[in-house]
Amino acid sequence: MKNNVKICGLKTIEAVEAALAGGASHIGFIFFEKSPRNVSPTEAAILRKTVAGRAKIVAVTVNAGFDRLDEIVEIVAPDILQLHGNETPERAEEIKARYGLSIMKAFAIRTLDDMQAANQYSGTADMLLFDAKPPKGSELPGGNGVSFDWSLLTKFKSKSPIMLSGGLNKENIIEAISIARPAGIDISSGVEIKPGVKDIRLISQFLSKLNNYEY
902 MKNNVKICGL
912 KTIEAVEAAL
922 AGGASHIGFI
932 FFEKSPRNVS
942 PTEAAILRKT
952 VAGRAKIVAV
962 TVNAGFDRLD
972 EIVEIVAPDI
982 LQLHGNETPE
992 RAEEIKARYG
1002 LSIMKAFAIR
1012 TLDDMQAANQ
1022 YSGTADMLLF
1032 DAKPPKGSEL
1042 PGGNGVSFDW
1052 SLLTKFKSKS
1062 PIMLSGGLNK
1072 ENIIEAISIA
1082 RPAGIDISSG
1092 VEIKPGVKDI
1102 RLISQFLSKL
1112 NNYEY
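Residue numbers for the sequence shown follow the numbering used here, so the first one is 902 and each next one is one higher.
What you were told as hints is all true, and nothing was included just to trick you.
Quick list of in silico lysine-lysine cross-link-like pairs, BS3-like style, CA-CA up to 30 Å:
(1) K1058 x K1034
(2) K912 x K1034
(3) K957 x K1060
(4) K997 x K950
(5) K1058 x K1110
(6) K997 x K912
(7) K1110 x K1060
(8) K1095 x K912
(9) K1058 x K997
(10) K1110 x K950
(11) K912 x K950
(12) K1095 x K935
(13) K1034 x K1095
(14) K1071 x K935
(15) K1071 x K1110
(16) K935 x K997
(17) K1071 x K1056
(18) K1110 x K957
(19) K997 x K1060
(20) K912 x K1110
(21) K912 x K1071
For the record, the hints were derived by calculation from the structure and aren't laboratory data.
Model the full assembly from the supplied sequences, consistent with the hints where possible.
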């Protein structure tokens, strides 16, 4: 598990260094203006220098157009494009063909049917990210600190590896992976002291828990 853990929504060198020191395999930068974790491509490019060669760089976008994606890919040079909006399978395929990058497609999960819809992206998405459906009134597709029923994953046969997200923290992470048995873990709000502000100690504690657990 420690080889497939993404710390997402990082905005500072200190947070990036803490994630890398703890063994995070993926570092996520969010390009969505409504998010408190939003960074500009230029800001992410500066942080990228610390990450390069030590972890995969994930650019998180929400229904971004090609102009925006062109800018992110040119300036940040990510390893993976995470599509966290309502991008269709056809749109995901267009994006993958245009940039030749790995695609991670995020899904808002409440029911098993929500999971089944994800298999439409097999062959295009290199990884599926299962997050909880946002609370009513939230403008954020992810990073809301809420979880879904992890046991649903025991009933779902995926054609692609799954990264689990949504409401994870150092208190519940072992229970979550024991039940869901995902291929990877994604966390953002669970290592923050307030939205958009990462806590170095929480990042270290969370990763330490994962590093000491195997299944």
